[in-house]
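Q: Residue numbers are given in my numbering: position 287 of the sequence shown equals residue 299, and the series is strictly consecutive.
It is worth saying that the hints were derived from the structure and are not from the lab.
This list has only true hints and no planted wrong ones.
In silico DSS-like cross-links for lysine-lysine, where the CA-CA straight-line distance does not exceed 27 Å:
1. K93 <-> K421
2. K268 <-> K286
3. K320 <-> K286
4. K93 <-> K251
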Amino acid sequence: MEKPHPDLTDTLSARHWGWLPLAAAVVIGLVWLILAFGQADAVQDDVRQHVAWLEAMRDPELFRGDFIASFFVSSNTPLFKSFYWLPAQAGISPLVMAKLYPVALTLLTAWLAWRFFLTTGIGGLAAALGAVLFVQGIWASDDIASATARAFSWPMLLAVLVCWRERRFLPGAGLGVVLALTYPSAAVFAGAMIGLAHLPDLRGRPAWPELRQRWAGPALIIAGMAAGAVFLLATGTAKGMVSLAEARAMVEFGPKGRTSFFGKGPLSYWLFSKRSGAMPETALRHAVLVVAAVAALVTWRRLPGTLKHMVLAAALAGFLLWAAAHLLLFRLYLPARFPLMGLRLALALLAGAGLAAWLLHLGERTRRAAVAALLAVPLLALAVPLKALNLINLPDAPTLMQALRSAPKDALVAGFSPDLDNIPSDVQRRVLTAREFHLPYNRAYVREMRARLGDTAQAVFADGPEGVRVLAARYGVTHLLIDRVEVTPEGVAHSWWRPILAQEGRLPACSAEACRVWALEPEQRRCVVAEDRQQTLLSVACLVIDDSRPQGE
Numbered sequence: 013m014e015k016p017h018p019d020l021t022d023t024l025s026a027r028h029w030g031w032l033p034l035a036a037a038v039v040i041g042l043v044w045l046i047l048a049f050g051q052a053d054a055v056q057d058d059v060r061q062h063v064a065w066l067e068a069m070r071d072p073e074l075f076r077g078d079f080i081a082s083f084f085v086s087s088n089t090p091l092f093k094s095f096y097w098l099p100a101q102a103g104i105s106p107l108v109m110a111k112l113y114p115v116a117l118t119l120l121t122a123w124l125a126w127r128f129f130l131t132t133g134i135g136g137l138a139a140a141l142g143a144v145l146f147v148q149g150i151w152a153s154d155d156i157a158s159a160t161a162r163a164f165s166w167p168m169l170l171a172v173l174v175c176w177r178e179r180r181f182l183p184g185a186g187l188g189v190v191l192a193l194t195y196p197s198a199a200v201f202a203g204a205m206i207g208l209a210h211l212p213d214l215r216g217r218p219a220w221p222e223l224r225q226r227w228a229g230p231a232l233i234i235a236g237m238a239a240g241a242v243f244l245l246a247t248g249t250a251k252g253m254v255s256l257a258e259a260r261a262m263v264e265f266g267p268k269g270r271t272s273f274f275g276k277g278p279l280s281y282w283l284f285s286k287r288s289g290a291m292p293e294t295a296l297r298h299a300v301l302v303v304a305a306v307a308a309l310v311t312w313r314r315l316p317g318t319l320k321h322m323v324l325a326a327a328l329a330g331f332l333l334w335a336a337a338h339l340l341l342f343r344l345y346l347p348a349r350f351p352l353m354g355l356r357l358a359l360a361l362l363a364g365a366g367l368a369a370w371l372l373h374l375g376e377r378t379r380r381a382a383v384a385a386l387l388a389v390p391l392l393a394l395a396v397p398l399k400a401l402n403l404i405n406l407p408d409a410p411t412l413m414q415a416l417r418s419a420p421k422d423a424l425v426a427g428f429s430p431d432l433d434n435i436p437s438d439v440q441r442r443v444l445t446a447r448e449f450h451l452p453y454n455r456a457y458v459r460e461m462r463a464r465l466g467d468t469a470q471a472v473f474a475d476g477p478e479g480v481r482v483l484a485a486r487y488g489v490t491h492l493l494i495d496r497v498e499v500t501p502e503g504v505a506h507s508w509w510r511p512i513l514a515q516e517g518r519l520p521a522c523s524a525e526a527c528r529v530w531a532l533e534p535e536q537r538r539c540v541v542a543e544d545r546q547q548t549l550l551s552v553a554c555l556v557i558d559d560s561r562p563q564g565e
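Model the full assembly from the supplied sequences, consistent with the hints where possible.
A: Rendered as structure tokens:
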């Protein structure tokens, strides 16, 4: 292993700096806990999609036979689900674990990032600074806050890289299998980075014994990740994904669609888009990280050779996989996920080296003052706007949520309201459709969700109960939840579902002044279960029975 570069060596040994990234992780974790547990109904954005359904691990009656729940549960790997199943057997809610896991994952990520950075030829100070900025950069987006498989992949990815660099190949292969069975994209990236890093070993046509000595260990790690990835490809959910031609024809993928992917201009599409870009903006949100990395690039020639080697391997692996993901669009999920991994590693390595070199070249007195100030670096976690502030979602109508908590466990809610997104996570009741769950990547799933959306529109924007009867008979809907603003002509025009219904030819017939919503007319007031602000919750059984009675009653 390369010795630390003289320009980046500080007077303290490497182990004396290990506390710095851990302290930053503790600060971030405490802020997160305050946000997560400060409100009883607080829930992270992606938790609504991937974790809420796992509450059925504690109570099998929840979400039984639910189409949306079945899709999202099956889209997660068995190993990821086991992280929630084990605590659930002890009575701990998956939604509670989703608030606790980010703290542990942040601590692990900070420590393992420091360990990996130490193997790249930089000193303890540079490695610690790089790890601090790395963790802060991740928390500038929702990766770890989501407590999804993507969150677990960061410490696992770093653990694989640490084993590789420290020549612990057998544990590295085992961790590679675990990584592949948790988040295959990260395993593919790690395999590509390790393989690219060892390509120079092929120069000069080395003899077989020498080549075997250089490649046997890394190949073992790559083989472990490949085995896990192949298993998931054979048994996972890559089948049935929409094709490129199908995606281009769907309004969900358009510039204003539910899952915007195309149509925002070539600069955004190819470079900065968080879904398709080669330099996704989520990797560039931390200004200090980016500036320090650019400063280090200016002194590229003076940087340690191993550091430059790792930076190039990470960046190139991300770029090559980004190109492959575009060629196999959606088979490798979102192309931008790969350069995001590569850029985060490369920028943090460069930023740590750049900051440490600048600090250690200061005059002695200035240096002492700077080192003293450096002790407060963990507090910089507070200066980075935690993206979690925008990702904690609270229901707009808590009174309605309380009413749904008392509803039977097999209740199914349909309608048009932003709070439909929150019902599964907040009260563990089913919904027929909602923006949060309308993901268009799988062909069969999006076809069903479009049909449900059209049937909901026919029931809500109606002159009578026929559409409501269809919802009850076809899907078993028990409640309607209607936001009075969303069902006005202006609300319809700005809704997320209008372009979809227009493409399906099922737009509601609204005049310029109003939309006919039979369920909200005064005659149906007796069917109101609860109201809160602009939202009304109605009983479907009441709507059907009341309207079907003879006029004389």
